[in-house]
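All chains, full assembly: derive it from the sequences and hints.
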Amino acid sequence: MSIRIIIPVILLALLALVPFAAPALQVLLTLALAKGIAVMGITVLLRSGQVSFGHALFFAIAAYGGAFTLMLLPGADLVIVLLLGITAAVLSGIIIGLFVARYRFIFFAMLNLAFSMIFWSILEKFYHYTGGADGMRLPRPTVLWMDLERGNYELFMFYLALALALGLGWFSMRWLESPAGQLFRTIKTNETRLQYLGMSPQRVMLNGYVLSAMLCGTGGILMGLVQGVVTPEYAYWIRSGEMVFIAVLGGAGSVPGALVGAAIYEIVRTYASAFAGDVWQMVLGVFLLIIILFAPGGIAGIYNSLMERIAGKKEAGE
Amino acid sequence: MNLTLFLLALFDGIAYAALVFIVAVGLTLIFGVMRILNVAHGSFYAVGAYLTASLTTFIVSAGLPPIFSFPCMLISAVLVGAVLGGPIEWLLLRRIYHKPEVLQLLVTFAIFMILEDVQRLVWGTQPIFQSTALQLMGTVRAFSVNYTVYQLILLPVVAVLLLFGLRFFLRRTLAGKLITATTEDREAAQAIGIDADKVFLLTFIVGAGLAGLGGALASPTTSILPGIGADMIVLSFAVVATAGLGQIEGAALTALLIGLGRSFAVYVWPETQVLVPYLIMVAVLLVRPEGLFGSPAARKI
Numbered sequence: 000m001s002i003r004i005i006i007p008v009i010l011l012a013l014l015a016l017v018p019f020a021a022p023a024l025q026v027l028l029t030l031a032l033a034k035g036i037a038v039m040g041i042t043v044l045l046r047s048g049q050v051s052f053g054h055a056l057f058f059a060i061a062a063y064g065g066a067f068t069l070m071l072l073p074g075a076d077l078v079i080v081l082l083l084g085i086t087a088a089v090l091s092g093i094i095i096g097l098f099v100a101r102y103r104f105i106f107f108a109m110l111n112l113a114f115s116m117i118f119w120s121i122l123e124k125f126y127h128y129t130g131g132a133d134g135m136r137l138p139r140p141t142v143l144w145m146d147l148e149r150g151n152y153e154l155f156m157f158y159l160a161l162a163l164a165l166g167l168g169w170f171s172m173r174w175l176e177s178p179a180g181q182l183f184r185t186i187k188t189n190e191t192r193l194q195y196l197g198m199s200p201q202r203v204m205l206n207g208y209v210l211s212a213m214l215c216g217t218g219g220i221l222m223g224l225v226q227g228v229v230t231p232e233y234a235y236w237i238r239s240g241e242m243v244f245i246a247v248l249g250g251a252g253s254v255p256g257a258l259v260g261a262a263i264y265e266i267v268r269t270y271a272s273a274f275a276g277d278v279w280q281m282v283l284g285v286f287l288l289i290i291i292l293f294a295p296g297g298i299a300g301i302y303n304s305l306m307e308r309i310a311g312k313k314e315a316g317e
Numbered sequence: 000m001n002l003t004l005f006l007l008a009l010f011d012g013i014a015y016a017a018l019v020f021i022v023a024v025g026l027t028l029i030f031g032v033m034r035i036l037n038v039a040h041g042s043f044y045a046v047g048a049y050l051t052a053s054l055t056t057f058i059v060s061a062g063l064p065p066i067f068s069f070p071c072m073l074i075s076a077v078l079v080g081a082v083l084g085g086p087i088e089w090l091l092l093r094r095i096y097h098k099p100e101v102l103q104l105l106v107t108f109a110i111f112m113i114l115e116d117v118q119r120l121v122w123g124t125q126p127i128f129q130s131t132a133l134q135l136m137g138t139v140r141a142f143s144v145n146y147t148v149y150q151l152i153l154l155p156v157v158a159v160l161l162l163f164g165l166r167f168f169l170r171r172t173l174a175g176k177l178i179t180a181t182t183e184d185r186e187a188a189q190a191i192g193i194d195a196d197k198v199f200l201l202t203f204i205v206g207a208g209l210a211g212l213g214g215a216l217a218s219p220t221t222s223i224l225p226g227i228g229a230d231m232i233v234l235s236f237a238v239v240a241t242a243g244l245g246q247i248e249g250a251a252l253t254a255l256l257i258g259l260g261r262s263f264a265v266y267v268w269p270e271t272q273v274l275v276p277y278l279i280m281v282a283v284l285l286v287r288p289e290g291l292f293g294s295p296a297a298r299k300i
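Residue numbers (numbering that gives the first Met the number 0), protein chains in the order written: chain A, 0 to 317; chain B, 0 to 300.
Hints in this document: simulated from the structure, not taken from any laboratory. Just so you know, even glycine gets a beta-carbon here, dropped at the ideal spot from N, CA and C. Be careful, since some hints might not be right.
Unchecked claim - Facing chain B, a subset of chain A residues (Cβ under 7 Å, in silico):
1. V50
2. M116
3. I117
4. S120
5. V247
6. D277
7. V278
8. L283
9. G284
10. I291
What the hints assert, rightly or not - Chain B is nowhere near these chain A residues, computed Cβ spacing over 12 Å in every case:
11. V8
12. R139
13. T141
14. V142
15. P178
Put into structure tokens, the structure is as follows:
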């Protein structure tokens, strides 16, 4: 087996052992996984060369969908909350996707931003329904109709997030390689040729957009369920920017990179806010600049070139 | 809605539109020339506001005539453009012009993040209120409403002067013509000997200075606190995108539309105040994807 595959397997095994080996990191990593799933949505979009400054919208829609489910159906099970939350994200992804699939580049980024800001201000202002800036609580639901105490619930959520991250990550990679995904990637390279092939770029764009909305929604509902509360900040444009930042950090277009990027980001952010206090945003900004200027391939790019170097040395040695 | 409320909303809207236009026109100028959507533009606005407030406070506490608060605004705008904008273009943006659009957008986003914390470090998180310039000009009775001269007359006059000044600059002066030529066709412009690097630097300094000027002019009318940069950048994005990227006259009309929409929303249905600019933007872009005054881009094959 090549070292290229062994390293991720070791990393995964270490990750699966975290609740026992380093329990202090468990919740942090659950949140990182949730964010990583959302970032995968951005990563999928990046493959078509598009960037959205408003995908926190789907993150928030799913989380608020879960909160409303738990409010209207008290005692609803985790499965139902998850499914309804993700369905809300997918449905809104279809509706908004129908509008934005016609636009590219800056207009695409900006229209998404506008939609997310509209939702954000609705959440802020219509506090009779949404709790305003204080947000809504997501009480701990039953898991498969079993009442779990807090520790077990958090443990379960960790493995659920891990399983979803792996499953959805695998699905996204497969999708990107499938005919539908290949067409989607053509939008970046040559959209006109797509039309010459008799395809509707809008339709192709919509497919990928709905997938990205679903991924962002899954991340959002997981985040809400782990934190137990959802606030309008979930939909704020800074949150969208953060997701794009992580996607670039991980390596634009690399699905595993999104997960690794999210984990590194959350850890750096936690420690930066502990040690650098008020300037963690500045630390992140500098970090982002360094990546773009010196390692535009992100973590995935660094990993690949490192692996090629090792492989190259081996060949040279043999 | 009676006449008084109507007039108040109208005056608020015009004053606000003037401010938004001044900031948005800088954004659209930078985009038109450099094809970069500058997220850090909001930070330039905030720094302009903070600088003006600090300088004015210094003048008042030093016992100097309060009228000096007006030159303070210009000084702040120039400082933001030359000391902040210039080096950013020269040191950072220059390195990324050949990179994908997505990365260009992210570089300005990173600058925004850094400048947010710089503001926090320098000016703290407490709101700052410094309205010397506003009080200095007093109020005027317009129709049946008392309104500050500063907001009713000064802001709109500055905005209109700026609109015509920019038109004159771009169409009549050599530097402006060089900028326009570079915008139209960068390669051809370079081929006939225009130094595109210099044009970009100049444009960015002017654009950043305009954001600083917007902040400077806004500072007496509002309390300055963290987050105003983020608010302003999304709003001026909305104006620029609704108008059509790179459209100066369009930005003026759209700023007026959005400013009035927003201020009437405040009086009619306050919950929708933040919503209205984006609703206008979405409504316009759904009908005219290239913006109100933009023209569809030529297709590349």
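Right, here's what the structure says about each hint:
Interface hint status for V50 of chain A: upheld, as the beta-carbon distance to the closest one in chain B is roughly 5 Å, under 7 Å. With its C-beta approaching chain B no nearer than about 5 Å, M116 of chain A sits inside the 7 Å limit, and its interface hint holds. Of the supplied interface hints, the one on I117 of chain A holds, with its beta-carbon coming within about 5 Å of a beta-carbon of chain B, less than 7 Å. For S120 of chain A, the suggested interface contact is upheld, since its CB lies about 4 Å from the closest CB of chain B, less than 7 Å.
Hint on V247 of chain A holds. Least Cβ distance to chain B is approximately 6 Å, under the 7 Å limit. Among the interface hints, the one on D277 of chain A holds; its C-beta lies about 6 Å from the nearest C-beta in chain B, closer than the 7 Å criterion. Interface hint at V278 of chain A: satisfied, since its Cβ lies 5 Å from the closest Cβ of chain B, which is below the 7 Å cut-off. Restraint check, L283 of chain A versus chain B: the minimum CB separation of about 6 Å is within 7 Å; hint holds.
A hinted interface residue such as G284 of chain A counts as satisfied when its beta carbon comes closer than 7 Å to some beta carbon of chain B; here the least separation is about 3 Å, so the hint holds. Taking 7 Å as the C-beta contact cut-off toward chain B, the hint placing I291 of chain A at the interface holds, the least distance being around 5 Å. At roughly 31 Å from the closest C-beta of chain B, the C-beta of V8 of chain A stays outside 12 Å, upholding its exclusion from the interface. Under the 12 Å C-beta cut-off, the non-interface status given to R139 of chain A relative to chain B holds; the minimum distance is some 32 Å.
Distance check on T141 of chain A: its Cβ is at least 36 Å (rounded) from any Cβ of chain B, clearing the 12 Å threshold; non-interface status holds. Distance check on V142 of chain A: its Cβ is at least 38 Å (rounded) from any Cβ of chain B, clearing the 12 Å threshold; non-interface status holds. No beta-carbon of chain B is positioned within 12 Å of the beta-carbon of P178 of chain A; the least distance is around 24 Å.
Checked against the numbered hints above, the structure breaks none of them.
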